[in-house]
Structure formats: C-alpha cells, structure tokens
Amino acid sequence: MKAFVVIAILALSASALEFDRPCRDTVEAKENFSPAFYTGTWFELYNSLDQGGLCIEHHYTRRGIQQVFDVERVGFVTDIGFLRETGIASVAFPEETPMRAIFNATVTRITGGTINYTYRIVATDYTNYAVIWSCTDLPDNRSQEEGAILGRSIQLNEASYTKVDAILESVDLNREDFRFISHQPEDCDF
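Mapping of the sequence shown onto mature numbering (1 follows the signal peptide of the UniProt record, and there is no 0): residues -16 to -1, 1 to 174, in sequence order.
If you're looking for bench data, these hints aren't it; they were derived computationally from the structure. Don't take every hint at face value.
[Claimed, not checked] Estimated spans, in silico, between C-beta atoms of each pair:
| # | residue 1 | residue 2 | range |
| --- | --- | --- | --- |
| 1 | Thr111 | Asp156 | 25 to 31 Å |
| 2 | Gln168 | Glu142 | 14 to 20 Å |
| 3 | Ser154 | Tyr110 | 17 to 23 Å |
The beta-carbon is built from N, C-alpha and C at its ideal position, and this holds for glycine as well.
Using the sequences and the hints, build the whole thing.
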C-alpha cells in the first residue's frame, strides 16, 4: 500500500491539527472496503503535518489474500531530508461484513523508532483519490488529528477535488487545513 492508509498516514514527529475536543468516534471509515483494489502506489498530495515535503509516495503491497499490507512511505521532507518509513498495516476488523477500512499499523521510521497507531480510510474510489484520517487523544480533553489526501496520479481532476472537499467537510475539516505536497518533475529530481 503506497498510500494513505498509513494514513494514513505514516505519522512523523511533526505537529498535526490540534483541537479542544477528544477524538471523535463519528468519523466514518469506508465500508465495503476492497484491499485488492487499494493495493499499489498512491501519491501523497496533501497532508496535515506541520512540515513541507516533496514527492511523497505510499506503496501498499498486499500479503497474499490476507487483509494485511506491507507499507512504504518515501519522499523528501524539508526538515528531515529523505524520508523512508516502512511498516505493516492490517485491517482492524477483518471478520466484519461489510469490511470497514480501519487499520492497525506498526511503522519504523528512517530516523529510528517504531510507532503503533490506528487510522482509517474515510473514502476512496480506488482509481483517483483516498482520504485518510487518524486521531490521538491528548491531555485535557484535547486531540491531535492527522490526515492525508492521496491520489493515483500526481494531481486530481476537478471532479475528484470536489468529492474530496465534500468528504473533508463531512468530517469537519477542509483542504486549507492541509499542506500541499509537490510532485512536479523538477521537484522530484533528487
């Protein structure tokens, strides 16, 4: 899975969106999720992390017919340099029918250390876009949310951006909360 889930985010040590509320249990995950269709490469077009980045890609490789993926996130992050995170993401409730796109992930960072987290694919059409979201509770009834907008190509078409914007609005976010990730050839010539 070269995408978002990991989440969707393969979290970095950068700040994400913080809110004066606990994590919400109302953010839906895609139902009737098909791991086979999600496999492959996704380009991270936007993320909610407080850092600049270039050419960030997610690679998802499904393990046989299991609901488990080997995940890699690669690219360039302004404050860190070259980025390479690897891990495993597994469907959190594989026995559910219909299956929801909620994942438990374990990720090893290039900078060292391993993190465990849960994320969800809020929506995807498998061929154009995916929206990923995760949340961590903080002290004092606060939360830190992370998200990413992924695409199968380096830019979404206008219809896909319209759908993504509506999806973000449905979870009380908007694209202005996210940082654009450039994939232009001149930016990706490392």
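Here is what the structure says about each hint:
no. : hint                           : verdict
1   : Thr111 with Asp156: 25 to 31 Å : 27 Å, holds
2   : Gln168 with Glu142: 14 to 20 Å : 19 Å, holds
3   : Ser154 with Tyr110: 17 to 23 Å : 19 Å, holds
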